[in-house]
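Reassemble the complex: the two chains are provided individually, in unrelated frames, and hints are given to aid placement.
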Amino acid sequence: MDFIGAYSWPNLRYLLQGFWITVQVAGLSILFSFIIGTVLGTVRYARVAFVSRTVAILVDAIRNLPLLLIIFFIGMILPQAGIRIPTFWAAVVGLSIFEGAMISEIVRSGLVSVDKGQIEAARASGLSYMQTLRHVILPLALRRMSPPMVSQFISLIKDTSLAIIISLPELMRNVKILSGSSFSYVIPALVFASLLYFTLNYSLSLVAKRLEARQI
Amino acid sequence: MWDFSILIDYWDDFMAGLGRTVLASLLGLIGSLVLGTLIAVLRIAPFRILNVVGTVYVEFIRNIPLLVTVFFFFLGVPALGIAMEPFTAGTLGLIVYTAAFVAESIRAGIQAVPSGQSEAARSSGLSYIQTMRSIILPQAVKIVLPAIGNQMINLVKNSSVLAVIAGLDLMYYADIINLKTFKGIPVYTLVALFYLLLTIPLSQAVHYMERRFAKSN
Numbered sequence: 322m323d324f325i326g327a328y329s330w331p332n333l334r335y336l337l338q339g340f341w342i343t344v345q346v347a348g349l350s351i352l353f354s355f356i357i358g359t360v361l362g363t364v365r366y367a368r369v370a371f372v373s374r375t376v377a378i379l380v381d382a383i384r385n386l387p388l389l390l391i392i393f394f395i396g397m398i399l400p401q402a403g404i405r406i407p408t409f410w411a412a413v414v415g416l417s418i419f420e421g422a423m424i425s426e427i428v429r430s431g432l433v434s435v436d437k438g439q440i441e442a443a444r445a446s447g448l449s450y451m452q453t454l455r456h457v458i459l460p461l462a463l464r465r466m467s468p469p470m471v472s473q474f475i476s477l478i479k480d481t482s483l484a485i486i487i488s489l490p491e492l493m494r495n496v497k498i499l500s501g502s503s504f505s506y507v508i509p510a511l512v513f514a515s516l517l518y519f520t521l522n523y524s525l526s527l528v529a530k531r532l533e534a535r536q537i
Numbered sequence: 130m131w132d133f134s135i136l137i138d139y140w141d142d143f144m145a146g147l148g149r150t151v152l153a154s155l156l157g158l159i160g161s162l163v164l165g166t167l168i169a170v171l172r173i174a175p176f177r178i179l180n181v182v183g184t185v186y187v188e189f190i191r192n193i194p195l196l197v198t199v200f201f202f203f204l205g206v207p208a209l210g211i212a213m214e215p216f217t218a219g220t221l222g223l224i225v226y227t228a229a230f231v232a233e234s235i236r237a238g239i240q241a242v243p244s245g246q247s248e249a250a251r252s253s254g255l256s257y258i259q260t261m262r263s264i265i266l267p268q269a270v271k272i273v274l275p276a277i278g279n280q281m282i283n284l285v286k287n288s289s290v291l292a293v294i295a296g297l298d299l300m301y302y303a304d305i306i307n308l309k310t311f312k313g314i315p316v317y318t319l320v321a322l323f324y325l326l327l328t329i330p331l332s333q334a335v336h337y338m339e340r341r342f343a344k345s346n
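Here the protein sequences come in this chain order: A and B.
Numbers given in my numbering equal positions in the first sequence, counted from 1, plus 321.
Numbers given in my numbering equal positions in the second sequence, counted from 1, plus 129.
Next comes chain B alone, as it looks inside the complex (with noise of 0.2 Å):
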């Protein structure tokens, strides 16, 4: 039952599978700080119809399943007419989701800090965008940091949902595994392993970063 040795006999796939997870979360990230930003911009531009947009999109997203915005893509995209591969699929559906997430820190960060701190920018006569630069993404960094750390590990974890459209992660290459060797027990250890290599560093990193903000205060 504890046989390992298919890590050695299957590590090409291991391996396969675990690029496919990590270019997948890099992606996630990327692209949901992205889209994240402009949405949290929408959410606190002066304009009400922005705000709006902002708002449904986040509250929305938050409260669907991740494998909703998934299926969109692998299903809803290719049944429009136009074709796209389950690893794209996926990752498209991960960006959108996570992207609320992201959003709501960011949005977050930025009216955590007094307005008294962009008021006495604005009126030592710093622009708009000297202010934002200067004196609040700065400070906004402490609380979004960490919470876009949180949502790298979510990210991680989320990747997972690739395997129900076949999308050549991790846990696709398990199953792959797993049907070839009969040997589930080993197989889904050393994957639980592998991803656990890959968010226990991100968690410290998130404590880390909560404790140096929380001092610096």
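The following block holds chain A by itself, in its conformation from the complex (with noise of 0.2 Å):
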């Protein structure tokens, strides 16, 4: 094992590289798959006749599929059918469509947990239904729902490891290649990359644990 020598600059500015893409590659995944995962929770929770039904045996589906299997074939088996998206794209899309899906669960049973008192107030102070979602509804669901969002961010983050399958040169992705330089950075490259992921993971945790602590 070789601290010194696997900490030089030219590795550890490697790292930080890998480290950059796969920040950029959470924070966009991060901002759609929420605005796919509060459309489709609504839906899902709004009884649309048949499009709830559609939506429901969609999002089932997708989490009950590996994530590394709906990354590698966004990224490599839809180019054969002559669609082609970028590495860096077709992580954002893979990762957005899964985490989208998980988080419409969160957003639904949020939405299930607001007071059936709180709607019908609502409705018979005379606003309509829509109304009633975005004023009253969403809001009060809203605050349920953020702790269990975060904690879904977070495993966002951690996945988006999983992009390695497409090549993407996030930070797991260049462990491996600067591992195989030499057998002696093998573990300084994963105590190196483990601090990144935890430092930013551990942050967030503790947001959630802000946001918990603040309910009731």
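Since the hints were made in silico from the structure, they are not lab data.
It cannot be assumed that every hint is accurate.
[Claimed, not checked] Straight-line distance between alpha carbons at most 35 Å, and here's what the computed DSBU-like set of lysine-lysine pairs gives:
(1) LYS437(A) with LYS309(B)
(2) LYS344(B) with LYS530(A)
(3) LYS344(B) with LYS271(B)
[Claimed, not checked] Covered stretches of chain A (in silico footprint by chain B; criterion: 3 or more residues with CB under 8 Å from a CB of chain B, positions within the stretch not fixed):
(4) 355-363
(5) 391-404
(6) 520-528
Given the structure is predicted, the values throughout are model-derived calculations rather than measurements.
Glycine residues also receive a C-beta, built at the ideal position from the N, C-alpha and C atoms.
Spelled out as structure tokens, the structure:
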């Protein structure tokens, strides 16, 4: 094991470059999966004839598939059918679809948990269904959803590493390449990568705990 | 594009991959139950130092990707001079990773039982072991079982990381068939169906348990 050699600036820079890709992919995927999840979760909750049913089947199928399969399919198999997406965006699309399906369930159960009396009161005060959804149900539900949502974003950040399967130069792929250059770099590279993931995710988990404490 | 005859032509490959995926998931479940229980015990043991060890394990593992633990066994252990099959390395990575989540579920289950229950049992003359066995654990199971079911679903899905290290699982064989036939769409559609065949019944079982246990409370 050679920590000093492994942590020479070119090596660290290489790993940090990978981490920067990880952060970019994660940031975009968090944004998109939040949008997808909110829309799908609301549609499934609203019980729109036929549409909600279709969404439910689709969401359950996606949630029960390995994310690795979804990313690989988008990045490596769709090109066989003539659909070519750059590696970076293939990772973002795969992550957004999968985590969006996960988040839609968080959104739906958050909506379900809103007290019926609140909805009845809003409707009785003359708000339309859409107004009730926007001004009463969603704000109440959002507060309850935020801790599990943050946990899901932590999973998302960890899951970006699966894009190694389509050779996206993110952190874990760079760890693997660096490990290939010398046996003595393997453990130091893994330690450094772990610390980067841990710092980012642990800070987020503290935010989740804060949000949880604010409930009730 | 939708030529599914490859299922028949490459039946043996599909089955070999499916077998390894199931095997990795089962070994992962057994291993993570053993290790997870041990860590849960550390976390609730009446010794501060053991609590710290348990907490550090859980918090560290939960915040790093599965691929890190898998690479530790696949790249790290051989770098230390110990040879290891990719399948073994991948399964060990799965166990170490999943154990953190299993430990949390077990701990949450045990701590959800009101402390009055164990106090009542102890003051009725039951020993610590008897209290655990006849009072605490039967109640904790209601919380722990569905959570373990969810971890089993995750294990099936997560076992696909074996493909990253050539671990002979379903995704790995799919890649081989795809490279031979260049019929990726039907190959991966079939692979997706195989995964759903494993995960959907498990999800149903978890839903069933959650409803049953919710009613019995």
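Cross-check of the supplied hints:
{"no.": "1", "hint": "LYS437(A) with LYS309(B)", "in the structure": "violated, 57 Å"}
{"no.": "2", "hint": "LYS344(B) with LYS530(A)", "in the structure": "holds, 29 Å"}
{"no.": "3", "hint": "LYS344(B) with LYS271(B)", "in the structure": "holds, 11 Å"}
{"no.": "4", "hint": "355-363", "in the structure": "violated (count 0)"}
{"no.": "5", "hint": "391-404", "in the structure": "holds (count 6)"}
{"no.": "6", "hint": "520-528", "in the structure": "holds (count 3)"}
In summary, the numbered hints that this structure violates are 1 and 4.
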